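Asker: In case you want the letters, here they are:
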Amino acid sequence: MTTLTDAWQWLADPAHWSGDDGVWHRLLQHFLLTVVCLVISCLIALPVALVLGHLGKGGALAVNISNVGRAVPTFAVLVLLLLTPVGEYGEGPTVIALVLFAVPPLLTNAYVGMRGVDQDVVRAARGMGMTGRQVLLRVELPLASPMVLSGVRIAAVQLVATATIAALAGGGGLGRIITAGFNLASTPQVVAGAVLVAVFALLVEGVFEAVERLAPNRARAGRGG
Amino acid sequence: MTPPDDCLARNDWICGEYLTTRSHILTDATVQHLQLTFLAVLIALVVAVPLAVAARRWRWASGPVLAVTTVLYTIPSLAMFSLLLPAYGLSASLVVAGLVLYSLTLLVRNILVGLRGVPEETRQAARGLGYGPVRLLLTVELPLALPASMAGLRIATVSAVSLVTVGAIVGFGGLGNLIYAGMNTYFKAQVLTASVLCVVIAVAADLLLLGVQRLLTPWTRAARA
Numbered sequence: 001m002t003t004l005t006d007a008w009q010w011l012a013d014p015a016h017w018s019g020d021d022g023v024w025h026r027l028l029q030h031f032l033l034t035v036v037c038l039v040i041s042c043l044i045a046l047p048v049a050l051v052l053g054h055l056g057k058g059g060a061l062a063v064n065i066s067n068v069g070r071a072v073p074t075f076a077v078l079v080l081l082l083l084t085p086v087g088e089y090g091e092g093p094t095v096i097a098l099v100l101f102a103v104p105p106l107l108t109n110a111y112v113g114m115r116g117v118d119q120d121v122v123r124a125a126r127g128m129g130m131t132g133r134q135v136l137l138r139v140e141l142p143l144a145s146p147m148v149l150s151g152v153r154i155a156a157v158q159l160v161a162t163a164t165i166a167a168l169a170g171g172g173g174l175g176r177i178i179t180a181g182f183n184l185a186s187t188p189q190v191v192a193g194a195v196l197v198a199v200f201a202l203l204v205e206g207v208f209e210a211v212e213r214l215a216p217n218r219a220r221a222g223r224g225g
Numbered sequence: 001m002t003p004p005d006d007c008l009a010r011n012d013w014i015c016g017e018y019l020t021t022r023s024h025i026l027t028d029a030t031v032q033h034l035q036l037t038f039l040a041v042l043i044a045l046v047v048a049v050p051l052a053v054a055a056r057r058w059r060w061a062s063g064p065v066l067a068v069t070t071v072l073y074t075i076p077s078l079a080m081f082s083l084l085l086p087a088y089g090l091s092a093s094l095v096v097a098g099l100v101l102y103s104l105t106l107l108v109r110n111i112l113v114g115l116r117g118v119p120e121e122t123r124q125a126a127r128g129l130g131y132g133p134v135r136l137l138l139t140v141e142l143p144l145a146l147p148a149s150m151a152g153l154r155i156a157t158v159s160a161v162s163l164v165t166v167g168a169i170v171g172f173g174g175l176g177n178l179i180y181a182g183m184n185t186y187f188k189a190q191v192l193t194a195s196v197l198c199v200v201i202a203v204a205a206d207l208l209l210l211g212v213q214r215l216l217t218p219w220t221r222a223a224r225a
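Here the protein sequences come in this chain order: V and A. Every letter in the first sequence is one number past the one before it in the numbering used here, and letter 175, counting from 1, is 175. Every letter in the second sequence is one number past the one before it in the numbering used here, and letter 4, counting from 1, is 4.
No lab work stands behind these hints: they were computed from the structure. Check each hint, because a few of them may be wrong.
[What the hints assert, rightly or not] Quick list of simulated restraints, FRET-style, between CB atoms:
1) A:Leu-216 - V:Ala-60: 23 to 33 Å
2) A:Val-200 - V:Val-63: 18 to 28 Å
3) V:Glu-212 - A:Ala-61: 19 to 29 Å
[To be verified] Heads up, incomplete: computed chain A residues facing chain V, CB under 8 Å, no partners named:
4) Val-31
5) Gln-32
6) Leu-34
7) Gln-35
8) Leu-85
9) Val-113
10) Pro-147
11) Ala-151
12) Ile-169
13) Gly-171
14) Val-191
15) Leu-192
16) Ser-195
17) Cys-198
18) Ala-204
Since the model is a prediction, treat every value here as computed from it, not as a measurement. We put the beta carbon where it would ideally sit given N, CA and C, even for glycine.
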């Protein structure tokens with residue numbers, strides 16, 4: 001238990017919170033990195049998944065991409081990119097590696113959500129004279145939104161967690177506190193950094209939980225399954 | 001003496017020379033990678049089955065079991081290894097323990113889904129034949145839960161193969177060690193070769209488990225035919 005007390009003392013020291021290597025700066029870097037990667041991943045994955053789900057094509061593709069994504073270590077992708085010309089652009093390799101990592105869960109969840117929409121409802125909407133675009137945006141997307149949102153939640157939490165790996169390759173974020181702790185052989189700092197990241201990941205999980213609770217009843221109904 | 005003009009000297013991405021001269025390093029790293037993955041998944045499986053059975057049998061147990069395993073999954077891999085550092089030190093057990101905790105979530109959830117999917121009529125039929133609770137569990141419930149459990153085992157194994165690389169931070173990362181070292185020395189052939197080997201191991205393990213699943217569950221094929 002002394003390690004935890006030491007870690008707590010590390011966290012309680014104001015000197016560790018200020019400056020470029022301080023907790024606040026690393027936290028901000030971590031937050032920005034996560035948000036940027038999440039937005040880019042959503043912009044890439046969601047339109048593709050929604051259109052494929054609407055057309056009912058590419059299911060095997062969505063699942064396979066998801067499986068391949070799990071098999072490729074993010075750390076390996078990060079280092080590979082770092083050694084290519086992309087590596088010269090600061091956080092470029094980190095962003096690309098994290099986006100590649102976040103796209104599969106987003107793609108799979110959104111596709112599954114779109115396919116899960118009751119086909120009778122879709123036929124009814126078509127019978128009312130809705131165009132394909134209207135069916136997609138006004139009927140399928142709202143009904144699929146719980147699954148889509150749950151994909152975004154999984155991606156967000158995993159991004160917060162995985163963004164720490166950037167530090168192994170010299171990137172910013174909370175992971176730097178951990179790697180710096182390893183280099184200083186300071187177990188309290190390593191544990192303190194780990195606690196910070198874990199708390200951050202759980203906070204993100206909590207925020208999404210709250211958003212889902214506040215969402216309209218209709219959007220929540222689908223969670224029963 | 002002029003430096004030799006081979007792919008090692010040119011630092012090419014693909015280099016046959018690297019494969020022949022460093023084959024023992026590659027073999028050692030691959031063996032370590034396989035050992036860490038295998039041990040972690042095996043221990044996780046041994047722990048997960050009783051947990052899932054308990055969560056299935058006693059309603060009050062399912063909440064805490066699922067909550068704890070989910071929280072464990074939210075903790076970033078780098079942070080997980082760091083949090084376990086005080087308990088295990090810089091050792092292979094540290095990496096195995098971290099991987100076990102990750103695999104637990106995936107395994108417990110899937111085994112539980114499988115157990116819950118066993119039809120009540122099947123259970124009653126077995127009881128009617130005079131099966132006791134233990135025999136019912138071992139010869140009816142667990143076999144019927146196999147397809148869902150194997151799906152979880154495949155995901156857990158593939159994820160573990162890619163997570164082992166992060167163990168490089170404590171020097172026990174299997175192929176991750178080569179990636180980490182290659183990053184610091186800009187040794188392109190080493191990084192690419194090790195990364196590709198990681199993916200090959202993951203895909204091979206996945207296919208192997210798929211084969212085992214087909215052998216263990218002949219009835220699923222008979223039903224489909």
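Asker: Going through the numbered hints above, which ones does this structure break? Give me the numbers in ascending order.
Answerer: 4, 5, 6, 7, 9, 10, 11, 13 and 18
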